[in-house]
Every structure is written in structure tokens, then in C-alpha cells.
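Quick note, the sequences are listed as chains A and B, same order. Just so you know, we're using our numbering here: the first sequence kicks off at 1 and counts up by one. Just so you know, we're using our numbering here: the second sequence kicks off at 342 and counts up by one.
If you're looking for bench data, these hints aren't it; they were derived computationally from the structure. Model, not experiment: these values are computed from the prediction. The beta carbon of each residue, even a glycine, is placed where N, CA and C say it ideally should be. Among the clues, some could well be false.
[What the hints assert, rightly or not] Taking lysine to any residue pairs in the SDA-like style, the calculated list, with each CA pair at most 20 Å apart, reads:
no., chain 1, residue 1, chain 2, residue 2
1, B, Lys378, B, Lys398
2, B, Lys371, A, Tyr310
3, B, Lys419, A, Asp237
4, B, Lys398, B, Lys419
5, B, Lys368, A, Ala328
6, B, Lys371, A, Lys337
7, A, Lys337, B, Asp437
[To be verified] Distance ranges between label pairs, derived from CB positions:
no., chain 1, residue 1, chain 2, residue 2, range
8, B, Val392, A, Val330, 50 to 56 Å
9, B, Lys371, A, Lys341, 28 to 34 Å
10, A, Gly244, B, Pro424, 54 to 60 Å
11, A, Pro102, B, Thr418, 26 to 32 Å
12, B, Val377, A, Glu149, 52 to 58 Å
13, B, Val392, A, Asp94, 27 to 33 Å
14, A, Gln54, B, Lys371, 43 to 49 Å
15, A, Ser78, B, Val377, 51 to 57 Å
16, B, Lys371, A, Asp94, 36 to 42 Å
17, B, Asp394, A, Glu149, 39 to 45 Å
18, B, Lys371, A, His315, 26 to 32 Å
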Amino acid sequence: MSYRYFVFAAAFGAFVAFGPARAAGQAISPAVKAVTAGKAWTPPRTSDGQPDLQGVWTNNTVTPLQRPKELAGKEFYSEEELAAVVKKERQRLDLNLDEGRPTEPGTADDVHYDFSQFGLDRGQAKMAWNRRTSIIVGPEGTMPPLTPEARKRIAERRAQAKGHEFDGPENRPIGARCIARTNVGPPLLPTAYNSNLQIVQGAGYVAIETEMIHDTRIIPTDGRPHISSNIRQWYGDSVGHWEGDTLVIDTTNFTDLSPFEDAQNVHVIERLTAVDPDTILYQFTVEDPAMWTKPWSGELPITRIQGQIYEYACHEANYGLVNTLRGARVAEEQAAKKAAK
Amino acid sequence: MAGLGLLGAALPVWAHHAFAAEFDQNKPLKLKGTVVKWEVTNPHSWIHMNVKDDDGKVVEWMIEGGSPNNLYRLGFTKDSLPPGAEIVVEGYQAKDGSTRAVGKNVTFADGRKLFLGLQNGPPEAQGEKK
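Okay, chain A solo, but in the shape it has when bound:
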């Protein structure tokens, strides 16, 4: 698999590993502990009295969305086990930096830039460590099974797309077209790199900007209802309210392409709670009875970083989309010539 999918797999289920040298000393995010232990800390207030969640944050993590099979039934690492995970992550990055990407020359997997050379390896950024073995909580730690109808829908869409992946720009993934990224969600999920976000608050509003790929969700907290269900948006329609110090965001009105392809009526509830000056506990529940047989929930800490969000103007140099399609046309020409011989 390509390095990109290697990273993807790390994030979303295949294995756990990886961690920067320095992060080892930062130890474990107390997020989970703090919440279960009750409130020991009260966040500061904005000028209009909201709990202040503002700042620049990252949800960069090695924790996969779904629990790997080998960790079935184990929801948390012990402190010692997590230390071993951190160490393994550090060794993996060291090896990558010393010897280059672990891919075989001359293979499709090898046709990629080395993430670490551009500072994009997740181990080169601050990590939101925590003891969970998967972002999805509960004894299973995996997404629930799809409904039979959802399986059918997905199979049909796949069959239609098959063989047409490179026909034109509209056949390419929405991320490659710089339209939307599923890490924006909601739910907010970590992504392979630039896994950063900024929260800004004004009277009656909270705004969450995700660096990948430049999107800002503006969330009113004034009690207004959702927009008409006839209006569908890439990131849905979010409305929020405060429950004590927790920001609760309710999102509906998604399209059937984002954040979960073929999920027609996703409903996402997010809870953001500042648990110490540098940590927000992020919790979410996703439901769509036409998609999954039951709702599923996740949580991960979001940790404060220094500096700023950098602009990610995705289309400013998206030569890749053009080059990819041109590559497909050249491949077709070559195949036609070969067939004519």
C-alpha cells in the first residue's frame, strides 16, 4: 500500500505505533481522567460569559478510529503500554528519517514524496496522546454494522463508479477536488498531516476552522433551529448550546457524500469540554438508522499548540488533478496502441 494509505491505516485502524521523542516526556493526556473524576478546573470566560475554548489546537494522534483486531476487548492501554506505543512511534520515525520511506523502489507505493522530509510525518507534530486504543468508545470500539439497505446502496454506487475512476474531475474523490475533507466532519477527526484547528468565539457564536482543507464551521449558540431539511451542505448545519462548561453542537442537513458517503441523514452530536488550560475533551455521537444498525460514539483529547493556522488554499496549486487525468489519457492511448498492434 502507498505511504498515504500506510498513514491512513495508522489513523483508522490497522495498527498503532509512532510517537515523537519529545512527546514521550509529555506523558498522557489527562483528558479522560479529568472528566471521569469530575470538575477540578473551571475554564476562563469570554467577555460575554461563555467558557473560553479559543485558541489553536491539534487532534493529531496515533489512536485509530476503530480498534485493531489484536486489541479486541481492550479499551485502554496501561501507562506502561502507552509508553511502549510512544517509544515504538519514535523508533518508526527515526528509522524513516534515517533510511527514507519504507517502500519498494519501482512500485506504485513508492511513487510519493517522503512525508518526513516536508515535516508532515505525524510524529513530527505535537501529539494529543491518550490511553484509548481507539477513538470509538465502548467494548467493541468499532463502527457498528451497516444496515442491509446501506450495503445495497454502497454496492450499487461502487458498481457504477468502477472503471470510471479517472474519466473526469467529477469522478475523483471530493478531497482531490478540494471540495471537502472528511476530517472536518463533523465529527472532527484527525488527518494524516496539518491536523490542526482554531476556535474563535463571539457573542452567540463559536467558529471552528480546520486547517485541512480551510473550512470554517460557524455555529450559532442562540437557540435557533436547524435550517430547512431541503437545504443540504457539505459540512451540514450546526447549532450549538452550552450545558454547563460543555459546548454541545448538533449537526444535520448533510449531503450524501460528506462526511460519510451514502449516509443520507447523518445526525452528529459533539461535546467540547475544556478540562485543563491545554486540553479539550472532544466527544461525539454519530447516528443514521438508515446507515448503521446503531449509533456510535467516540472521544479523543484535543491539545493546544503554539503558533497559528496556516492557510491551506487547496486549489492554488492543484496541478495534481490535471496531471492525474492527463496520466490516465496517456495510459489509455498507450493501451489503444498496444491493442492495435
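Based on the hints, put chain B in the right spot on chain A.
Frame of chain A, contents of chain B only:
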């Protein structure tokens, strides 16, 4: 998009674009030359470099690399890869045969990796390897 691979459910998928569809795994190359400019752009940055071909003619190549955001966060600036800098690129040429390539490895002529060309040194707080 197919987007539903790996785990069988509609998971969020990281797939910016298909590098293997853009560049040819059967056309590996190694280029040595000088930086003309660095397009500090997203989703991927592009290094333009002059390379002398076998006849001594100078040809400009464009090399696709990663998003520059985290290099900036780590202290890299446009001056860290200035015009005239000598670099060596190992990568793969574009499928259409044009003078474009993906830079698998990009190093300065003295062998330093791009990431280690940080002018101000990496900041302490972000957890990167020194």
C-alpha cells in the same frame, strides 16, 4: 469515489490525489540541479529546478512535494530553499513524459534532507525529531 475500501464501511478516507496515476513507477529518475523557485503552495508544493541534460542544455523541471504548512510551522521559510540552491531529487517522472516529477527524496547537494535545512532550528514545543 470508491472511498469505501479497507474497512468496508463508509469511513473518512484520506486520498488527496493518486500519485501513482500522475507519475510513472517505471520512470525512476535522479536529478541534480539548482532551484529556480519554490512554489510554497497547497495542496502540494512544487520546486522548479534547472537541470543540465547530457548535451549541456538546461531544462526546467517541476518537482512535486508536500504541503509546506508544517515546514513553516517548524521554522522553514522560503529562504530555506532559495533560488540557486543546489539540490538532488530522486523520484518518478510524470506519465505524460513532461519534465515533471514527484520528489521521493529531496536533499541539498551536501546530503542534508530538506526538513533538516531549517534555518532557525526546529522549535522546542512541537515534538519533532532533532
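Consistency of the hints with the structure:
As the CA atoms of Lys378 of chain B and Lys398 of chain B are separated by approximately 19 Å, the hinted pair is consistent with the 20 Å bound. Between Lys371 of chain B and Tyr310 of chain A, the direct Cα distance comes to roughly 32 Å. Violation of the 20 Å bound is thereby established for this hinted pair. Between Lys419 of chain B and Asp237 of chain A the CA atoms are separated by roughly 39 Å; this puts the pair beyond 20 Å, and the hint is violated. Simply put, Lys398 of chain B and Lys419 of chain B have alpha-carbon atoms about 27 Å apart, too far for the 20 Å limit, and the pair is violated.
The suggested pairing of Lys368 of chain B with Ala328 of chain A holds, with an alpha-carbon distance near 16 Å, which does not exceed 20 Å. Distance hint between Lys371 of chain B and Lys337 of chain A is unfulfilled; the C-alpha atoms sit about 29 Å from each other, more than 20 Å. Of the supplied pair hints, the one linking Lys337 of chain A and Asp437 of chain B holds, its CA atoms being roughly 15 Å apart against a limit of 20 Å. Hint check: Val392 of chain B to Val330 of chain A, Cβ distance near 22 Å, so the stated range 50 to 56 Å is violated.
Here the CB-CB span from Lys371 of chain B to Lys341 of chain A is close to 32 Å, well matched to the stated 28 to 34 Å. Look at Gly244 of chain A against Pro424 of chain B: about 56 Å separates their beta carbons, and that is inside 54 to 60 Å. Judged by the Cβ atoms, the range 26 to 32 Å given for Pro102 of chain A and Thr418 of chain B holds: they are separated by roughly 30 Å. In this structure, Val377 of chain B and Glu149 of chain A meet the distance hint of 52 to 58 Å, their C-beta atoms being roughly 55 Å apart.
The hinted range of 27 to 33 Å is satisfied by Val392 of chain B and Asp94 of chain A, whose Cβ atoms lie roughly 32 Å apart. The hinted window of 43 to 49 Å between Gln54 of chain A and Lys371 of chain B holds, with their beta carbons roughly 48 Å apart. In this structure the hint that Ser78 of chain A and Val377 of chain B lie 51 to 57 Å apart at CB holds, the actual value being about 54 Å. The hint said 36 to 42 Å for the Cβ distance between Lys371 of chain B and Asp94 of chain A, and at roughly 25 Å that hint is violated.
The beta-carbon spacing between Asp394 of chain B and Glu149 of chain A, approximately 59 Å, falls outside the hinted interval of 39 to 45 Å. Range check, Lys371 of chain B to His315 of chain A: Cβ separation about 31 Å, and the 26 to 32 Å hint holds.
Hints 2, 3, 4, 6, 8, 16, 17, counting from the list given before, are not met by this structure.
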